[in-house]
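K.L.:
Chains A and B supply the protein sequences, listed in that same order.
Residue numbers for the first sequence follow the working numbering, beginning at 1 and rising by one.
Residue numbers for the second sequence follow the working numbering, beginning at 1 and rising by one.
To be clear, the hints were calculated from the coordinates, so they are not data collected in a lab.
Treat the numbers as computed from the prediction; the structure is a model and nothing was measured.
Incorrect hints may have been included.
[What the hints assert, rightly or not] What follows is a list of derived Cβ distance ranges for each label pair:
(1) A:Gln74 to B:Gly106: 46 to 56 angstroms
(2) B:Ala108 to A:Ile131: 43 to 53 angstroms
(3) A:Leu152 to B:Val68: 44 to 54 angstroms
(4) A:Val5 to B:Glu57: 27 to 37 angstroms
(5) A:Ser142 to B:Ala65: 23 to 33 angstroms
(6) A:His145 to B:Gln8: 23 to 33 angstroms
(7) A:Leu135 to B:Phe50: 15 to 25 angstroms
(8) B:Pro59 to A:Phe119: 43 to 53 angstroms
C-beta atoms are modelled at their ideal positions from N, C-alpha and C, and glycine is treated no differently.
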Amino acid sequence: MFTHVYAQKGTQLVLGLMTGVIFGFLLQKGGVTNYDVIIGQLLLTDFTVIKIMLSAVITGMLGVHFLRSLGLAQLHPKPGSLGASVIGGLIFGVGFGMLGYCPGTVAGAVGQGYIDALFGGVAGTLIGAGIFAVLFPRLEASMLHKGDFGKLTLPRLLGVNPWMVVVPAAVALAALLLIFEKIGL
Amino acid sequence: MDWLSMKQWSPYAVGVGIGILSWFTFLLSDKPIGCSTAFARTSGMIERLFRGSKAAEKPYYVKFAPTVDWEWMLVVGVIVGSFISAKLSGQFQIQWIPGKWSAALGSALLPRWLVALIGGIIMGFGARWAGGCTSGHGISGTLQLAVSSWLAAICFFIGGIATAMAIFTFLAV
């Protein structure tokens with residue numbers, strides 16, 4: 001329905017900027033542009049990050065799958081493999097734990113004036129991406145496709161209609177949030 | 001409009017807001033929210049400044065061209081949006097060392113800067129290795145029920161929790 005808008009380059013750049021402004025505004029209002037809140041999550045003393053992420057996932061999952069069922073949106077699951085998703089994920093985690101921001105929240109932290117996010121986080125993330133670009137041909141030949149499963153989604157893996165996973169997943173994640181509240185996290 | 005100048009919103013309000021925002025990015029832009037690819041493109045742009053068009057021939061920059069795109073504008077927007085929010089609530093301030101860091105690990109500037117820089121390098125490298133970050137995999141990928149994203153997101157937190165706990169245990173002063 002909106003496919004003609006996808007191809008309008010200028011419109012998309014403005015939409016990207018507007019999306020970012022709202023996203024950054026929400027991240028700051030959520031407190032997750034603060035090192036203290038993110039590191040509190042990783043030290044398991046403050047569950048703000050997980051509460052934001054899970055409520056975003058539940059809301060997004062229901063709405064995006066609904067749009068897809070109406071034929072108004074397409075999914076874009078990222079391809080993956082054990083070598084890329086698991087090992088890359090663990091490497092990311094080590095850096096995440098040291099920096100205390102992730103690539104989105106580090107930009108937000110810069111916006112609220114945090115110097116460690118700018119000269120440490122943003123500078124480092126750019127250098128890290130540059131190093132990866134250098135090593136990419138070798139990593140692609142060795143690690144990145146180990147245990148490749150492509151653009152697999154859970155419904156396809158299970159061979160069921162997406163809603164058969166969406167509804168139970170939404171209920172399970174909501175239950176998890178309720179448990180967090182019940183035990184005072 | 002008091003809510004615009006509030007210091008913090010309920011995490012659930014923020015999460016639902018981000019979820020609704022993602023409906024619109026799929027609907028209007030055919031794109032999931034993500035941040036880390038923009039860093040790779042920027043890295044390519046900086047390399048091109050120094051090495052010219054040769055940099056753009058790198059296989060990785062052929063895959064992710066060093067140009068301004070939707071997601072690149074999104075990351076710029078995050079800086080602006082956070083600035084607006086922080087200004088409205090009076091939280092904007094130049095801060096060198098985060099409170100939790102200085103309370104546990106000391107207020108010297110160099111250690112925090114070094115750990116942040118090295119952490120940033122490892123995180124930027126890992127984000128490209130995993131093909132996404134806490135936004136692209138952690139929120140947008142998991143909401144699409146992508147297997148790659150659920151695996152990566154769980155590993156982000158395993159690595160992050162282990163590292164943060166190690167730092168606050170072994171480096172504490």
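K.L.:
For every hint, state whether the structure bears it out.
P.N.:
We went through each hint and held it up to the structure:
1. A:Gln74 to B:Gly106: 46 to 56 angstroms: holds, 50 angstroms
2. B:Ala108 to A:Ile131: 43 to 53 angstroms: violated, 27 angstroms
3. A:Leu152 to B:Val68: 44 to 54 angstroms: Between leucine 152 of chain A and valine 68 of chain B, where Cβ atoms are some 31 angstroms apart, the hint is violated.
4. A:Val5 to B:Glu57: 27 to 37 angstroms: Holds, since valine 5 of chain A and glutamate 57 of chain B (Cβ atoms, about 32 angstroms apart) stay within the stated range.
5. A:Ser142 to B:Ala65: 23 to 33 angstroms: holds, 25 angstroms
6. A:His145 to B:Gln8: 23 to 33 angstroms: violated, 43 angstroms
7. A:Leu135 to B:Phe50: 15 to 25 angstroms: Since leucine 135 of chain A and phenylalanine 50 of chain B have Cβ atoms about 19 angstroms apart, the given range 15 to 25 angstroms holds.
8. B:Pro59 to A:Phe119: 43 to 53 angstroms: violated, 30 angstroms
Hint check: violations occur at hints 2, 3, 6, 8; the rest are consistent with the structure.
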